[in-house]
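*Asks:* Chains as they are written, first to last, in the working numbering: chain A, 1 to 293; chain B, 1 to 249.
Just so you know, these hints were derived from the structure itself, not from any lab. Just to be clear, a hint being listed does not mean it is correct.
For the chain A half of the interface with chain B, some residues (derived, Cβ under 8 Å), not all of them [said to hold, decoys possible]:
no., residue
1, Gly-104
2, Val-177
3, Thr-185
Bear in mind the structure is a predicted one, so any value in this text is a computation, not a measurement. C-beta atoms are modelled at their ideal positions from N, C-alpha and C, and glycine is treated no differently.
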Amino acid sequence: MSQPAPPFVEPLGTRHRRQRLAGLALGAATAVAALPALAIVSFIVWKGWPAISWEFLTEMPVSGMTKGGIQPAIVGTLWLVGVSLLFSVPVGVLAGMYLSEYAGEGWLARVVDLAIVNLAGVPSIVHALFGLGAFVLFLDFGTSILSGGLTLGVMTLPVIITSTKAAMQSVPHNFRVACWNLGATRWQTIWHVVLPNALPGILTGVILQVSRSAGETAPVLFTGAAFYLPILPTSVWDQTMALSMHVFALVTQVPNVTEELKYGTALVLLGVVLCFNSFAIALRYYLRRNRRW
Amino acid sequence: MDDLVRIENLSIRYGEKAVVRNVTLAAPRNGILGIVGPAGSGKSSLLTALNRTIDFVPSARVEGRVTLDGADVRSLDISDVRRRVAMVLPLPVGLPMSVYENVAFAPRMVGVKRRAELDEIVERCLTQAALWEEVKDRLNMLGTRLSGGQQQRLTLARALSTDPDVLCLDEFSIAIDPVTTMRIEAVLMELKAHMTIILVTNLLMQARRIADVTAFMLNGELVEVGRTGELFVFARDPRTSDYLAGKFG
Numbered sequence: 001m002s003q004p005a006p007p008f009v010e011p012l013g014t015r016h017r018r019q020r021l022a023g024l025a026l027g028a029a030t031a032v033a034a035l036p037a038l039a040i041v042s043f044i045v046w047k048g049w050p051a052i053s054w055e056f057l058t059e060m061p062v063s064g065m066t067k068g069g070i071q072p073a074i075v076g077t078l079w080l081v082g083v084s085l086l087f088s089v090p091v092g093v094l095a096g097m098y099l100s101e102y103a104g105e106g107w108l109a110r111v112v113d114l115a116i117v118n119l120a121g122v123p124s125i126v127h128a129l130f131g132l133g134a135f136v137l138f139l140d141f142g143t144s145i146l147s148g149g150l151t152l153g154v155m156t157l158p159v160i161i162t163s164t165k166a167a168m169q170s171v172p173h174n175f176r177v178a179c180w181n182l183g184a185t186r187w188q189t190i191w192h193v194v195l196p197n198a199l200p201g202i203l204t205g206v207i208l209q210v211s212r213s214a215g216e217t218a219p220v221l222f223t224g225a226a227f228y229l230p231i232l233p234t235s236v237w238d239q240t241m242a243l244s245m246h247v248f249a250l251v252t253q254v255p256n257v258t259e260e261l262k263y264g265t266a267l268v269l270l271g272v273v274l275c276f277n278s279f280a281i282a283l284r285y286y287l288r289r290n291r292r293w
Numbered sequence: 001m002d003d004l005v006r007i008e009n010l011s012i013r014y015g016e017k018a019v020v021r022n023v024t025l026a027a028p029r030n031g032i033l034g035i036v037g038p039a040g041s042g043k044s045s046l047l048t049a050l051n052r053t054i055d056f057v058p059s060a061r062v063e064g065r066v067t068l069d070g071a072d073v074r075s076l077d078i079s080d081v082r083r084r085v086a087m088v089l090p091l092p093v094g095l096p097m098s099v100y101e102n103v104a105f106a107p108r109m110v111g112v113k114r115r116a117e118l119d120e121i122v123e124r125c126l127t128q129a130a131l132w133e134e135v136k137d138r139l140n141m142l143g144t145r146l147s148g149g150q151q152q153r154l155t156l157a158r159a160l161s162t163d164p165d166v167l168c169l170d171e172f173s174i175a176i177d178p179v180t181t182m183r184i185e186a187v188l189m190e191l192k193a194h195m196t197i198i199l200v201t202n203l204l205m206q207a208r209r210i211a212d213v214t215a216f217m218l219n220g221e222l223v224e225v226g227r228t229g230e231l232f233v234f235a236r237d238p239r240t241s242d243y244l245a246g247k248f249g
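Hey, can you work out the whole structure from these sequences and the hints?
*Replies:* Dropping the structure here:
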């Protein structure tokens, strides 16, 4: 610098100290946020690992669930999540696309938007009661994988809609204008340019909801999950066990269950969720690798 | 003169705000119409009415009419209008796909599938836009990875891929270097043999260099229009001569 700094400028030392302090504070906050997650995972692994074996994953529970494996719960969770995805992904993604690309900014669109965001905040037990009323009783699907899956689907719908909309709106508007200027229709623009670039974001939203579906207990409590049912489901009309429900049952309802079995089941649930997540991250990375702007 | 594009009593309002007031203007076939004027004079809005991208602005109201070869653009198919009236915007936009696909996009959208035909269009348009030599060995590279000046020529090549009758350029040189600007100007001088070019620009010297006819807009009104050589020397309206002399802007 050729000129002396004006007197109101803070001395360099103070600014450097403050810079270091800011870095430290942000780092500390991140550590505090990461710590519980790390603690939970390591605790569950530590307590549950001894229970994990091939038999545990592939056998039926026996002796009132105090012994044996948890295969029907694993399979049941996969069924429930699958049914919920079959419902919520098409409906949610299409609705999100509509809200992002077609609905515009009118008052009605804003009301719908607000409603969806609020719906995302509805507690899962409320969704459970809705599922009981709507699917189990009114539509007469009974207590079944179909009812449970649809209840999970309804619960996850708002987040899938919102994340789809956000992902599509994060694609620069310039791209759309460029396509329209070339005579492409709105739909061609969405299909060829907006959607491919929004896909990683949409997937992220979907996967977060897969994990949530697999983990929630309340929505399947009255609608599809069985307390103890040592057979594998064969259709969506069957009841089934589910991992989340099974953990709940082992911990609160069944006497004489070893710690190992409880934590083992929780560990499997955690593992299933982590599997979904890593698959999603890999897929997102794959889709994203060729799309930089 | 034989005019391909005629703008008749065109007014554009965004809500209450009038941005173009009662403009009547024609662009000659096989010529370059330059439109100059300070920022906010309605030049860009005028262009959006030509290819009806203004339809996407919900608050916009358009009065008067624009005709393309005698036909009101509002009576034509909207995709057709945009294919016949190509548009190059101020900031280069490489679509997030390969260089090749950028240029092949518009032809694909109307159902061109044969590889040979697409190859021919891509090479022709990139050559016309003075970009072919630089990218012919990396057509599969992402268009968004090109430099700014290259992306603007890619945008131009893409605009040419619909084989348009009219090419509109809205301040195409605002974000690119002078060398590329001169190259594109040279390209435009060649292209005008095949099409009508409408060039909106803030660079008076650019209009002077390449426009056959220049129009001066101020606050949404067309102040004056004339042959470029005459307008720059003998402007009838004092506002025009002041602007062209650089007294405001």
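*Asks:* Indicate, hint by hint, whether the structure satisfies it.
*Replies:* A quick look at each hint next to the structure:
About 7 Å separates the beta-carbon of A:Gly-104 from the nearest beta-carbon of chain B, less than 8 Å, and the hint is met. Given hint, A:Val-177 at the interface with chain B, holds; its Cβ is 7 Å from that chain's nearest Cβ, closer than 8 Å. Annotation: interface hint on A:Thr-185 holds; nearest CB of chain B at approximately 6 Å, less than 8 Å.
The structure is consistent with each of the numbered hints, conforming to all of them.
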